[in-house]
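Peer 1: Next come the chains, spelled out residue by residue.
2 protein chains.
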Amino acid sequence: MSFDLAAYLAERRRAVDAALDRHLPPPDAPPAIIHEAMRYSVFAGGKRLRPILVIAGAEAVGGSVERVLPTACALELIHTYSLIHDDLPAMDDDDYRRGRPTNHKVFGEAIAILAGDALLSLAFGLLAESASLDVVKEVAAAAGTFGMIGGQVVDIQSEGKPVEARTLEYIHTHKTAALIRCALRSGAMIAGAAPETLAAVGEAGSRLGLAFQIVDDILDVEGSLEELGKTAGSDQRKKKATYPEYFGREASRLKAKALIEDAKAALAPLGPRAGPIRALADFILERRS
Amino acid sequence: MSFDLAAYLAERRRAVDAALDRHLPPPDAPPAIIHEAMRYSVFAGGKRLRPILVIAGAEAVGGSVERVLPTACALELIHTYSLIHDDLPAMDDDDYRRGRPTNHKVFGEAIAILAGDALLSLAFGLLAESASLDVVKEVAAAAGTFGMIGGQVVDIQSEGKPVEARTLEYIHTHKTAALIRCALRSGAMIAGAAPETLAAVGEAGSRLGLAFQIVDDILDVEGSLEELGKTAGSDQRKKKATYPEYFGREASRLKAKALIEDAKAALAPLGPRAGPIRALADFILERRS
Chain S
2 MSFDLAAYLA
12 ERRRAVDAAL
22 DRHLPPPDAP
32 PAIIHEAMRY
42 SVFAGGKRLR
52 PILVIAGAEA
62 VGGSVERVLP
72 TACALELIHT
82 YSLIHDDLPA
92 MDDDDYRRGR
102 PTNHKVFGEA
112 IAILAGDALL
122 SLAFGLLAES
132 ASLDVVKEVA
142 AAAGTFGMIG
152 GQVVDIQSEG
162 KPVEARTLEY
172 IHTHKTAALI
182 RCALRSGAMI
192 AGAAPETLAA
202 VGEAGSRLGL
212 AFQIVDDILD
222 VEGSLEELGK
232 TAGSDQRKKK
242 ATYPEYFGRE
252 ASRLKAKALI
262 EDAKAALAPL
272 GPRAGPIRAL
282 ADFILERRS
Chain G
2 MSFDLAAYLA
12 ERRRAVDAAL
22 DRHLPPPDAP
32 PAIIHEAMRY
42 SVFAGGKRLR
52 PILVIAGAEA
62 VGGSVERVLP
72 TACALELIHT
82 YSLIHDDLPA
92 MDDDDYRRGR
102 PTNHKVFGEA
112 IAILAGDALL
122 SLAFGLLAES
132 ASLDVVKEVA
142 AAAGTFGMIG
152 GQVVDIQSEG
162 KPVEARTLEY
172 IHTHKTAALI
182 RCALRSGAMI
192 AGAAPETLAA
202 VGEAGSRLGL
212 AFQIVDDILD
222 VEGSLEELGK
232 TAGSDQRKKK
242 ATYPEYFGRE
252 ASRLKAKALI
262 EDAKAALAPL
272 GPRAGPIRAL
282 ADFILERRS
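Chains as they are written, first to last, in this note's numbering: chain S, 2 to 290; chain G, 2 to 290.
What the hints contain is simulated information worked out from the structure, not anything from laboratory work. One or more of the hints may lead you astray.
For chains that are exact copies, the list does not tell them apart, and a pair is met inside one copy or across any two.
[Unchecked claim] Derived DSSO-like pairs (lysine-lysine); straight-line CA-CA distance at most 27 Å:
id	residue 1	residue 2
1	Lys-48	Lys-256
2	Lys-138	Lys-106
3	Lys-265	Lys-240
4	Lys-162	Lys-241
5	Lys-239	Lys-162
6	Lys-240	Lys-106
7	Lys-162	Lys-48
8	Lys-258	Lys-241
9	Lys-106	Lys-265
10	Lys-241	Lys-256
Just so we're clear, the structure is a prediction, and the values are computed from it rather than from any experiment.
Could you put the whole structure together from the sequences, leaning on the hints where they help?
Peer 2: Written as structure tokens, this is what we have:
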């Protein structure tokens, strides 16, 4: 029996969306504007890849979906905060995200900055309610200057400059892969993964994360505004360092493919329970938006 | 024997500064710019009031200084992140803080935004290493939209508008008092305070926090650039709602004094061990900068 990825994703997305709605303050709770702004970006039609990876990480070691939902939400809140801050005029200065005006275009820069700050704070509150101190530590590290923020710093500093391959890899592994790896590991940790299983899941997560960003780069070159919900070719306009620019589109696709295979190889010891992660790996490679 | 507040503060400040230096990434750790930016604002000569309140909260229930130092640092990192973001052009647009150019004037807006984000993430990492999930939850709530961020949102929304007394109190209790209360409570929680002791400490913290902000408002009217390290009268220029503007300077001073007395009354059941908190309460009222 083949794994029905579309059904799996749809069901998990529904569960994640319902949990996000429960865990975010109501839109009319005062001060309403900040809660509206947080919800505007959280419910902007994201793929929910990170929370679904948390769930798949738990399932891979026999954990329950229900138990990891708050942690899954926390990872999505951190991802969303990073997008809101990245889009600010002082950073990437983007007007559109997922086909809609960016947070600061709707709520103004001050509220957008604070909405990002609030999502990050709420994420740690959720982790404290539902996970362990180890998971809080793991997420703080992945989100910090040796993880996601570090990648964003080097990305900004590299704009418009020629970069070496290792700088490009640094940006991608830190800006994107660190949180994706952390999502998979967090789910497995909460489900009580043994150390060697956790290491395997982490290996797979690093490779999935880098593959995800390489595919993102390729889609940015190939995609249209309609498909991506943001302006295609925006990396090039902003003179961002990308894999296709550096290695060419074909070599980049082969690299992504190899990373997905490596991720699957790392998961081999987990057996059939890692089926959802394997299916997500294929999804990451084959997605069109 | 009277309590030597100056010696107490100097000793605690030294311990906090040394711990902050240990817990912040080295300034040359890549990407260096973000670690320099974080350190620039953390070591800008703050009073370390919040970390010292964490310590005093622990001491009030017989806890050790050493044990709560990482949590003390975390509260200072959160305070510092909030100052960096508050000073941004999109927010209060301040060029000076503690007598030095603000973070974004030195490092640029993008790095300043990321330095704030990084300090918040690091704070939760520190809490996870040293405190309990209850403390993480407490801090996340105090820093979030029903605490500090909520106060900042209403503060920004109220600029240049006539505000009611209850809005003014909302801003002050949320923007400032929530984190000060949380500092005292966190120290007491880690030291194993009984529920009724924790409630008393929280009561005292709320009052100390509000008194602190009222005194801050008064100093802003009275102070000079030299004493405060920021432009005096800046609240008025920005049409910020303040206590002296609303109630007059004399009534505001009496209100602060009454709050300090209330705080001390709340601490009565704790006996002599709450001596440092009482001394800090006097310091909050009598400080000149």
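Peer 1: All the hints need checking, so say for each whether the structure fits it.
Peer 2: Structure-based check of each hint:
In this assembly of identical chains, Lys-48 and Lys-256 lie within 27 Å of each other by CA distance solely inside one copy; the values are 23 Å within and 52 Å between copies. Taking the shortest alpha-carbon separations for Lys-138 and Lys-106, neither the intra-copy value of 33 Å nor the inter-copy value of 32 Å comes in at or below 27 Å. For the identical chains of this complex, Lys-265 and Lys-240 are neighbours neither inside a copy (33 Å) nor across copies (59 Å), given an alpha-carbon limit of 27 Å. With identical chains, the CA atoms of Lys-162 and Lys-241 are at most 27 Å apart within one copy only, with a shortest distance of 8 Å there and 42 Å across copies.
Within a single copy, Lys-239 and Lys-162 get their C-alpha atoms as close as 11 Å, which meets the 27 Å cut-off; across copies the closest is 39 Å, which misses it. Taking CA atoms no more than 27 Å apart as the test, Lys-240 paired with Lys-106 passes in both settings, with 23 Å inside one copy and 25 Å between copies. In this homomeric assembly, Lys-162 and Lys-48 never come within 27 Å of each other (Cα to Cα): the closest approach is 31 Å inside a single copy and 41 Å across copies. Taking the shortest alpha-carbon separations for Lys-258 and Lys-241, only the intra-copy value of 22 Å comes in at or below 27 Å, while the best inter-copy value is 56 Å.
For the identical chains of this complex, Lys-106 and Lys-265 are neighbours neither inside a copy (41 Å) nor across copies (47 Å), given an alpha-carbon limit of 27 Å. In this assembly of identical chains, Lys-241 and Lys-256 lie within 27 Å of each other by CA distance solely inside one copy; the values are 19 Å within and 55 Å between copies.
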